[in-house]
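J.: Note that the protein sequences, when read in sequence, are chains A and B.
Residue 183 in the working numbering sits at position 183 of the first sequence; the count goes up by one each step and never skips.
Residue 116 in the working numbering sits at position 116 of the second sequence; the count goes up by one each step and never skips.
Please keep in mind that the hints were generated in silico from the structure rather than gathered at the bench.
These figures come from a predicted structure and were not determined experimentally.
Heads up, the beta-carbon is just placed ideally off N, CA and C, and yes, glycines get one too.
One should not assume that every hint holds.
Some chain B residues near chain A, calculated using beta-carbon distances under 10 angstroms [to be verified]:
#1 Y12
#2 L62
#3 F90
#4 C98
#5 L132
#6 Q139
Straight-line alpha carbon distances no greater than 25 angstroms define the calculated DSS-like cross-link-like pairs of lysine-lysine that follow [stated by the list, open to error]:
#7 A/K210 to A/K371
#8 A/K617 to A/K41
#9 B/K88 to A/K37
#10 B/K88 to A/K41
#11 B/K6 to A/K41
#12 A/K295 to A/K371
#13 A/K564 to A/K265
#14 A/K519 to A/K422
#15 A/K210 to A/K179
Residue strings, one per chain:
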Amino acid sequence: MTEQLDAGLVAGEIAEHPDALSKPYAGGELGRGRRRKEDAKLVTGQTNWTDNITLPGLLHMTVLRSPMAHARIVSVDVSAALELPGVIAAYSGADLADVQGALPCAWPVTAEMVHPDHPPLAVDEVRYVGDGVAVVVARDRYTAVDALEAIAVEYEQLPAVVDMEAAIAEGADLVHGDKGTNTCFRWPFASGDNYAETVAAAGDDAVVVKRRFRQQRLLPTAIEPRGVVVAPIAAADEYTVYSATQIPHILRVMLALVTGIGEHKIRVIAPDVGGGFGSKLNVYAEEVLALVVAKKLGRPIKWTESRSENYQATIHGRDQIQDIEIAATRDGTLLGLKVELLADMGAYLQLITPGIPILGAFMYPAIYKMKAYDFHCTGVFTTKTPTDAYRGAGRPEATYAIERIMDELAAELGRDPMDLRKQNWIRHEEFPYDMVAGLTYDSGNYEAATEKAEQMFDLAGLRAEQERRRGDNDPMLLGIGISTFTEMCGLAPSRVLGSLSYGAGGWEAAQIRMLPTGKVEVTSGATPHGQGHHTAWSQIVADALGVPFEDVEVVTGDTDSSPKGMDTYGSRSLVVGGIAIHKATGKVLEKAKRIAAHLLEAAEGDVEFSGGTFSVKGSPEATMTIQQVALATFAAHNLPDGMEPTLDSDYVYDPENFSYPHGTHLCAVEIDSETGFTTIRKYVCVDDIGRIVNPVIVEGQVHGGIAQGIAQALYEEAVHDAEGNLTTGSLVDYLVPAAPDLPHFDTGRTETPSTSNPLGVKGVGEAGTIASTPAVMNAIHDALRPFGVRDIAMPATPERVWRALRHDDGTPRDASGTVAYGGPSTNATSGGTS
Amino acid sequence: MRVRMKVDGVVYEDEVEPRTLLTHHLRDGLGRVGTPIGCDTSNCGSCTLLVDGESVKSCSVLAVQADGTEITTIQGLAEGSTWHPVQKAFQEHHGLQCGYCTPGMILAAVDLLSHNPDPTEDEVRHGLEGNLCRCTGYQNIVKSVLSAASEMRGDGPLPGSFQDAPAESHETAGASS
Numbered sequence: 001m002t003e004q005l006d007a008g009l010v011a012g013e014i015a016e017h018p019d020a021l022s023k024p025y026a027g028g029e030l031g032r033g034r035r036r037k038e039d040a041k042l043v044t045g046q047t048n049w050t051d052n053i054t055l056p057g058l059l060h061m062t063v064l065r066s067p068m069a070h071a072r073i074v075s076v077d078v079s080a081a082l083e084l085p086g087v088i089a090a091y092s093g094a095d096l097a098d099v100q101g102a103l104p105c106a107w108p109v110t111a112e113m114v115h116p117d118h119p120p121l122a123v124d125e126v127r128y129v130g131d132g133v134a135v136v137v138a139r140d141r142y143t144a145v146d147a148l149e150a151i152a153v154e155y156e157q158l159p160a161v162v163d164m165e166a167a168i169a170e171g172a173d174l175v176h177g178d179k180g181t182n183t184c185f186r187w188p189f190a191s192g193d194n195y196a197e198t199v200a201a202a203g204d205d206a207v208v209v210k211r212r213f214r215q216q217r218l219l220p221t222a223i224e225p226r227g228v229v230v231a232p233i234a235a236a237d238e239y240t241v242y243s244a245t246q247i248p249h250i251l252r253v254m255l256a257l258v259t260g261i262g263e264h265k266i267r268v269i270a271p272d273v274g275g276g277f278g279s280k281l282n283v284y285a286e287e288v289l290a291l292v293v294a295k296k297l298g299r300p301i302k303w304t305e306s307r308s309e310n311y312q313a314t315i316h317g318r319d320q321i322q323d324i325e326i327a328a329t330r331d332g333t334l335l336g337l338k339v340e341l342l343a344d345m346g347a348y349l350q351l352i353t354p355g356i357p358i359l360g361a362f363m364y365p366a367i368y369k370m371k372a373y374d375f376h377c378t379g380v381f382t383t384k385t386p387t388d389a390y391r392g393a394g395r396p397e398a399t400y401a402i403e404r405i406m407d408e409l410a411a412e413l414g415r416d417p418m419d420l421r422k423q424n425w426i427r428h429e430e431f432p433y434d435m436v437a438g439l440t441y442d443s444g445n446y447e448a449a450t451e452k453a454e455q456m457f458d459l460a461g462l463r464a465e466q467e468r469r470r471g472d473n474d475p476m477l478l479g480i481g482i483s484t485f486t487e488m489c490g491l492a493p494s495r496v497l498g499s500l501s502y503g504a505g506g507w508e509a510a511q512i513r514m515l516p517t518g519k520v521e522v523t524s525g526a527t528p529h530g531q532g533h534h535t536a537w538s539q540i541v542a543d544a545l546g547v548p549f550e551d552v553e554v555v556t557g558d559t560d561s562s563p564k565g566m567d568t569y570g571s572r573s574l575v576v577g578g579i580a581i582h583k584a585t586g587k588v589l590e591k592a593k594r595i596a597a598h599l600l601e602a603a604e605g606d607v608e609f610s611g612g613t614f615s616v617k618g619s620p621e622a623t624m625t626i627q628q629v630a631l632a633t634f635a636a637h638n639l640p641d642g643m644e645p646t647l648d649s650d651y652v653y654d655p656e657n658f659s660y661p662h663g664t665h666l667c668a669v670e671i672d673s674e675t676g677f678t679t680i681r682k683y684v685c686v687d688d689i690g691r692i693v694n695p696v697i698v699e700g701q702v703h704g705g706i707a708q709g710i711a712q713a714l715y716e717e718a719v720h721d722a723e724g725n726l727t728t729g730s731l732v733d734y735l736v737p738a739a740p741d742l743p744h745f746d747t748g749r750t751e752t753p754s755t756s757n758p759l760g761v762k763g764v765g766e767a768g769t770i771a772s773t774p775a776v777m778n779a780i781h782d783a784l785r786p787f788g789v790r791d792i793a794m795p796a797t798p799e800r801v802w803r804a805l806r807h808d809d810g811t812p813r814d815a816s817g818t819v820a821y822g823g824p825s826t827n828a829t830s831g832g833t834s
Numbered sequence: 001m002r003v004r005m006k007v008d009g010v011v012y013e014d015e016v017e018p019r020t021l022l023t024h025h026l027r028d029g030l031g032r033v034g035t036p037i038g039c040d041t042s043n044c045g046s047c048t049l050l051v052d053g054e055s056v057k058s059c060s061v062l063a064v065q066a067d068g069t070e071i072t073t074i075q076g077l078a079e080g081s082t083w084h085p086v087q088k089a090f091q092e093h094h095g096l097q098c099g100y101c102t103p104g105m106i107l108a109a110v111d112l113l114s115h116n117p118d119p120t121e122d123e124v125r126h127g128l129e130g131n132l133c134r135c136t137g138y139q140n141i142v143k144s145v146l147s148a149a150s151e152m153r154g155d156g157p158l159p160g161s162f163q164d165a166p167a168e169s170h171e172t173a174g175a176s177s
């Protein structure tokens with residue numbers, strides 16, 4: 001074969017370095033815990049964070065932000081700032097009004113949705129603390145910060161609108177006066193049988209439990225704050241935009257639409273990006289401002305967010321009030337679910353703000369069979385930072401509500417909460433299963449995951465200990481929490497997104513480029529910000545093409561070199577982007593097989609491919625490696641007639657269904673009844689995310705997800721005062737957990753492949769976050785149930801727990817309800833909240 | 001004001017404004033951008049580095065306070081191409097994801113191990129309390145530090161998380177149970 005290849009090159013004239021050509025494929029790449037390719041630069045500090053980027057003549061931009069939640073802008077005077085040495089320019093919103101456009105919202109959930117204009121810099125009114133009113137451009141960071149203090153703004157204060165329920169009450173002060181309402185949209189969704197009729201038909205046999213849960217507002221807190229650098233070639237009206245973003249491809253389209261600069265004149269690069277969790281899934285004011293200012297000045301501009309700015313000007317997560325009602329017959333069979341949701345949009349609609357609660361709408365029925373489902377969501381404007389996607393985006397909220405109310409229903413019925421779940425969940429032999437909310441779950445095995453989790457956790461042993469300690473009136477209260485969750489991942493089939501009025505498709509793009517030396521370049525539209533895409537994609541390609549893992553190079557995050565993509569969010573990268581890559585490798589192999597057959601002088605039907613080598617049936621000596629085929633294709637001296645001389649292949653994959661990872665998370669807490677302090681004693685999870693590409697990366701995703709979910713349960717809350725000030729506006733006041741605040745996690749896996757994609761993968765990015773919050777909160781409520789405590793708001797701080805254990809006059813409640821599961825609960829009654 | 005400091009083995013002498021933070025002097029003045037900044041309240045620890053061998057949050061020190069010191073950043077921790085055992089351990093035990101907190105986390109861990117070469121898991125967790133990570137949930141960071149401690153004591157690293165051997169065939173839980 002060597003002769004054959006040499007004939008295709010300038011034989012003998014190029015001295016080959018021994019490492020230039022490939023070694024044989026060793027196999028077994030899928031499911032292998034490969035070390036991450038990403039780590040070398042990250043552990044040695046050779047990273048390219050956006051704030052690390054410097055360019056000749058780079059100028060620094062800063063943003064003056066409103067100190068008021070709601071005010072009319074009477075005047076903005078930047079003249080004193082312009083007098084300061086080193087200040088190049090300063091602009092108010094009015095100065096940029098003609099060029100700054102409006103920030104986009106790509107998800108108008110109803111045709112009637114109120115969609116207020118969202119200027120990057122406020123022109124007439126500011127509507128949240130942190131809303132930008134002016135920018136300064138200076139020759140260095142410090143000067144640009146100093147100059148903000150020289151800008152004089154006169155405000156006429158308007159009423160803050162902080163509380164969602166007050167906002168939609170008659171006569172409420174308005175966030176957007178010209179809209180005449182604080183209601184952004186109403187989104188009704190009834191599916192399956194009519195809920196009210198179903199409950200009525202059950203008559204006296206119906207048990208109904210109602211609760212109100214509050215999803216507190218959260219601050220996503222990617223450790224890298226946002227940043228943007230714009231490098232213009234002014235004469236050509238061309239711009240390179242570096243941004244700490246999850247979505248370089250979407251950002252490019254949106255910057256073009258917002259500014260009117262041609263899409264083909266904008267190159268967006270997401271360099272190394274330090275976490276996102278949804279907060280960098282957006283098109284932000286500063287990205288637009290840096291671009292229009294760079295265009296105006298013809299100079300490169302950098303803006304770097306401080307943490308305090310991040311907490312005001314980067315989207316917030318959650319912030320919903322959930323009124324949920326579940327109905328079952330007395331034997332525990334679920335009848336239906338009714339959800340009335342208030343979702344806080346904040347002051348404006350960011351990229352997918354209104355769609356977040358709608359994503360949750362499909363997840364409330366979770367893994368449970370029921371006949372009737374009634375959902376209604378009201379989106380509400382308030383004078384607070386806009387909300388948008390935060391890890392899980394709508395699904396953690398839904399999962400929390402259903403998993404919490406399943407425990408409440410169990411208490412009402414005097415049933416063990418796990419038994420009640422087992423009675424109602426979809427059995428593994430019932431898949432695929434058409435859910436009441438309209439989704440078709442393709443696969444799952446809740447029994448297997450739960451059985452494994454119960455064993456790892458020693459659920460029976462802990463229940464026995466709990467009963468004994470309750471009998472002994474132990475002041476340390478043991479609580480056991482269950483969360484048997486599912487989620488919809490792999491966003492998303494484009495036709496489904498279309499039916500939900502989302503402004504784009506849900507496909508993902510990939511390209512495989514076979515280099516002459518047999519090395520492989522892979523481009524992917526799924527852009528990483530810490531997950532390990534480059535490692536996982538290398539494994540998929542190595543496995544499919546039979547090339548060494550080391551020979552695969554992944555290129556992402558640059559609209560020049562990986563030009564097509566829908567980016568990274570919604571646990572979609574592997575399930576959509578990974579499949580695009582897998583499909584692209586199929587096209588490479590199709591072409592390579594044709595060329596191999598030609599060169600091996602065999603019929604294409606007789607050529608087989610395995611482990612990187614083409615062989616001919618019945619002729620064991622006639623073989624070619626894929627690298628040899630790549631080289632021969634590059635030379636192109638002897639190809640089948642009419643064949644294009646390249647193996648390179650693209651694929652754009654549009655999924656046919658969502659994927660449905662699931663799992664069972666079990667949490668044991670110890671609560672000190674004297675102090676209200678909760679300690680997580682044991683945390684066990686068994687996740688079923690289908691087939692695994694890299695188990696070490698998977699475990700890391702699960703750990704981090706659980707940590708963020710625990711943080712919602714125990715620690716984090718964005719608090720606004722009555723004037724709309726964010727009182728948790730820095731890391732001093734907003735409690736992001738550190739290492740001592742979190743437990744050790746025992747993780748396990750079952751593997752039920754998805755049947756909706758060829759790799760059987762389901763996605764793992766959000767699973768831990770979705771599952772863990774209800775697991776922890778159910779454990780806390782389980783510990784406190786004998787005291788008649790029915791609902792503690794999140795985060796369950798020591799103070800809240802301590803107060804819940806006491807009457808209003810401060811005297812401790814007694815555990816009169818100490819009856820373990822299996823008997824009737826004396827305290828759980830329907831309706832209301834405590 | 002004039003400051004002189006040795007950063008990752010190189011001596012620098014510069015004029016700085018008295019108010020210049022050490023972290024900004026390193027990043028903007030000297031181009032040593034391996035040390036990132038994650039907050040403005042000294043809570044996150046991303047900018048942690050070693051000043052005369054002790055871990056310091058470089059956002060809470062003025063450049064002038066570091067006059068005459070010797071500073072080690074993440075960019076100077078390896079000996080040539082040989083990584084420090086803590087750097088190695090972070091890769092081997094998947095102690096990082098996005099990597100933004102990693103320089104600070106690694107240097108805080110180096111400092112911790114210099115004072116306590118044989119820490120318990122609990123001591124590692126408390127020793128790194130001043131460094132926030134949003135990706136990992138800390139478990140693999142703790143494992144990384146314990147492994148590095150073991151290696152630095154001469155007991156060899158803890159068994160790695162990664163498999164050098166190809167994956168076993170997949171077991172599927174679907175059908176049974």
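J.: Hints first: check each against the structure and report whether it holds.
T.: Evaluated hints:
For B/Y12, the interface hint is violated, the least distance from its beta-carbon to any beta-carbon of chain A being 17 angstroms, above 10 angstroms. Taking 10 angstroms as the C-beta contact cut-off toward chain A, the hint placing B/L62 at the interface is violated, the least distance being around 13 angstroms. Checking B/F90 against chain A: minimum C-beta separation of about 5 angstroms stays under 10 angstroms; hint holds. A hinted interface residue such as B/C98 counts as satisfied when its beta carbon comes closer than 10 angstroms to some beta carbon of chain A; here the least separation is about 3 angstroms, so the hint holds.
Checking B/L132 against chain A: minimum C-beta separation of about 5 angstroms stays under 10 angstroms; hint holds. The interface hint given for B/Q139 is met, as the beta carbon of that residue sits about 5 angstroms from the closest beta carbon of chain A, less than 10 angstroms. Simply put, A/K210 and A/K371 have alpha-carbon atoms about 18 angstroms apart, close enough for the 25 angstroms limit, and the pair holds. Between A/K617 and A/K41 the alpha-carbon distance is near 46 angstroms, which puts this suggested pair outside the 25 angstroms criterion.
Restraint check for B/K88 and A/K37: satisfied, since their Cα atoms lie roughly 13 angstroms apart, inside the 25 angstroms limit. A hinted pair counts as satisfied when its Cα atoms are at most 25 angstroms apart, and B/K88 with A/K41 qualifies at roughly 12 angstroms. A threshold of 25 angstroms between alpha carbons decides the hint, and for B/K6 with A/K41 the separation of about 23 angstroms falls inside it, so the pair holds. For the suggested pair A/K295 and A/K371, the alpha carbons sit about 57 angstroms apart, so the restraint of at most 25 angstroms is broken.
Pair hint A/K564 plus A/K265 holds up; C-alpha atoms about 15 angstroms apart against a cutoff of 25 angstroms. Distance hint between A/K519 and A/K422 is unfulfilled; the C-alpha atoms sit about 51 angstroms from each other, more than 25 angstroms. Distance restraint check for A/K210 and A/K179: the Cα-Cα separation of roughly 34 angstroms exceeds the 25 angstroms cut-off, and the hinted pair is therefore not satisfied.
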